[in-house]
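Participant: Line by line, the protein sequences are chains A and B.
Heads up: the first sequence begins at 1 in our numbering, then just goes up one per residue.
Heads up: the second sequence begins at 1 in our numbering, then just goes up one per residue.
Don't take each hint at face value.
Said to hold, decoys possible - Capping the alpha-carbon separation at 27 Å, the derived lysine-lysine pairs in DSS-like fashion look like this:
1) A:K135 with B:K62
2) B:K80 with A:K143
3) A:K40 with B:K80
4) B:K87 with A:K52
5) A:K139 with B:K80
6) B:K62 with A:K139
7) A:K143 with B:K62
8) B:K14 with A:K40
9) B:K80 with A:K52
10) A:K139 with B:K55
11) B:K62 with A:K131
12) B:K5 with B:K80
13) A:K19 with A:K76
14) B:K87 with A:K143
15) B:K87 with A:K40
16) B:K14 with A:K76
17) B:K14 with A:K139
18) B:K80 with A:K135
19) B:K87 with A:K163
20) B:K14 with A:K163
21) A:K98 with A:K166
Said to hold, decoys possible - Quick look at which bits of chain B chain A covers, simulated, 3 or more residues with Cβ under 8 Å:
22) 32-39
23) 69-81
24) 99-105
25) 108-114
Note that these hints are calculated values from the structure, not bench results.
Only a predicted model underlies this, so the values are computations on that prediction, with no experimental measurement involved.
A virtual CB, placed ideally from N, CA and C, is assigned to each residue, including glycine.
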Amino acid sequence: MDNKKDVKGFLEFVYEFYKSMKAHEITLVYEGEITHQITKAFTSLTESNMSKEDEPNSVQRKVFHVMVECLQNISKHADDFTSNDYLFSGRGIFLVSKGENEYSVTTGNAVENDKIEYLTELLENINRMDKEELKELYKRQMKEGRLSEKGGAGLGFIDIKRKTNKELEYHFLPISDDTSFFLLTSTISRSDN
Amino acid sequence: METIKIQGTEDTPKIILDAGNDIMEISGRSLPEDVSSFYEPVLNWLNEYAENPKKKTVFNFKLTYFNTASSKLLLDILMKLEEMHEKGQDVVIRWHFPEDDEDMAEAGEEYAEIVDVPFEQVPY
Numbered sequence: 001m002d003n004k005k006d007v008k009g010f011l012e013f014v015y016e017f018y019k020s021m022k023a024h025e026i027t028l029v030y031e032g033e034i035t036h037q038i039t040k041a042f043t044s045l046t047e048s049n050m051s052k053e054d055e056p057n058s059v060q061r062k063v064f065h066v067m068v069e070c071l072q073n074i075s076k077h078a079d080d081f082t083s084n085d086y087l088f089s090g091r092g093i094f095l096v097s098k099g100e101n102e103y104s105v106t107t108g109n110a111v112e113n114d115k116i117e118y119l120t121e122l123l124e125n126i127n128r129m130d131k132e133e134l135k136e137l138y139k140r141q142m143k144e145g146r147l148s149e150k151g152g153a154g155l156g157f158i159d160i161k162r163k164t165n166k167e168l169e170y171h172f173l174p175i176s177d178d179t180s181f182f183l184l185t186s187t188i189s190r191s192d193n
Numbered sequence: 001m002e003t004i005k006i007q008g009t010e011d012t013p014k015i016i017l018d019a020g021n022d023i024m025e026i027s028g029r030s031l032p033e034d035v036s037s038f039y040e041p042v043l044n045w046l047n048e049y050a051e052n053p054k055k056k057t058v059f060n061f062k063l064t065y066f067n068t069a070s071s072k073l074l075l076d077i078l079m080k081l082e083e084m085h086e087k088g089q090d091v092v093i094r095w096h097f098p099e100d101d102e103d104m105a106e107a108g109e110e111y112a113e114i115v116d117v118p119f120e121q122v123p124y
């Protein structure tokens, strides 16, 4: 009896979840470990949907770019944890939503609080820059930067801002005394320019 | 010297490095899981080739997409070619891009600004 009630409650939750996804125009949502296989699967799924919907090539390319960089950000950085907390390593939430005028790609993953300052500074610095400054920063980082052990080039955020031409929107929410949830959302305009 | 032929996949480019037939080409998509190990054979091949290059070297890039991690490795390849050019060898880079892809054209221009090598932009 109780079990039946639980199941019903759960199914009702699923329906609420579904409605909420529809309300926010979410076309893809995932929580878990972000691997290279996941990156390939999500990008090719989104790509085939966009191509079915005759989205302009330039929009398809931008969405593809942003998705790859966002997913790789999580897979390459979300496990920089010293706390050995298995739940956090390489994991995160990943969402794609499609509105009338734009696509949004949103990621969320746990970060240690002592990284907040660094990340904020990095993102603010990129947000302040105009096209030409971003181009110079990208070139300099490509020349002088080194690949991290996990193959990160430190270019992802710069590339996202350059491709979307929009500020990187982000937010930190506290999880515990030591960790926070880092959310980042990038929007790609659906008009072809 | 040895010829390298790597079939392209959905996340790795097609690569042909064939000194005998004067074909050097990287084409397709590049977002390998491990960029360094993927491009290592290319850099090794170029190091060997640079010791005894042909009279003229034309290196073709015909990529439709590459991620930021790949962009760094592509620069390593271009810098190797720049080194050959600096030693007085005849080296040309042909950067092919879809004519409606401004970002890919711009990526080529940026590389051309960083490395000092004859650089041809080829829309297709």
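Participant: State for each hint whether it applies.
Facilitator: For each hint, the structure was consulted:
1. A:K135 with B:K62: holds, 22 Å
2. B:K80 with A:K143: The given pair, whose Cα atoms are some 13 Å apart, holds under the 27 Å limit.
3. A:K40 with B:K80: Cα-Cα ~30 Å, so violated.
4. B:K87 with A:K52: violated, 50 Å
5. A:K139 with B:K80: holds, 17 Å
6. B:K62 with A:K139: holds, 20 Å
7. A:K143 with B:K62: holds, 21 Å
8. B:K14 with A:K40: holds, 17 Å
9. B:K80 with A:K52: violated, 41 Å
10. A:K139 with B:K55: violated, 31 Å
11. B:K62 with A:K131: OK: B:K62 and A:K131 at ~25 Å, within 27 Å.
12. B:K5 with B:K80: With Cα atoms ~20 Å apart, B:K5 and B:K80 stay inside 27 Å; holds.
13. A:K19 with A:K76: Status violated; Cα separation ~32 Å.
14. B:K87 with A:K143: holds, 21 Å
15. B:K87 with A:K40: violated, 41 Å
16. B:K14 with A:K76: holds, 25 Å
17. B:K14 with A:K139: holds, 25 Å
18. B:K80 with A:K135: With Cα atoms ~22 Å apart, B:K80 and A:K135 stay inside 27 Å; holds.
19. B:K87 with A:K163: Violated, at roughly 36 Å.
20. B:K14 with A:K163: Within the cut-off at roughly 25 Å; holds.
21. A:K98 with A:K166: Satisfied, since the Cα-Cα distance of roughly 16 Å is no more than 27 Å.
22. 32-39: holds (count 4)
23. 69-81: holds (count 4)
24. 99-105: With 4 residues closer than 8 Å to chain A, the segment 99-105 of chain B meets the three-residue bar; holds.
25. 108-114: With 3 residues closer than 8 Å to chain A, the segment 108-114 of chain B meets the three-residue bar; holds.
In the structure shown, a violation is registered for the earlier hints numbered 3, 4, 9, 10, 13, 15, 19, in ascending order.
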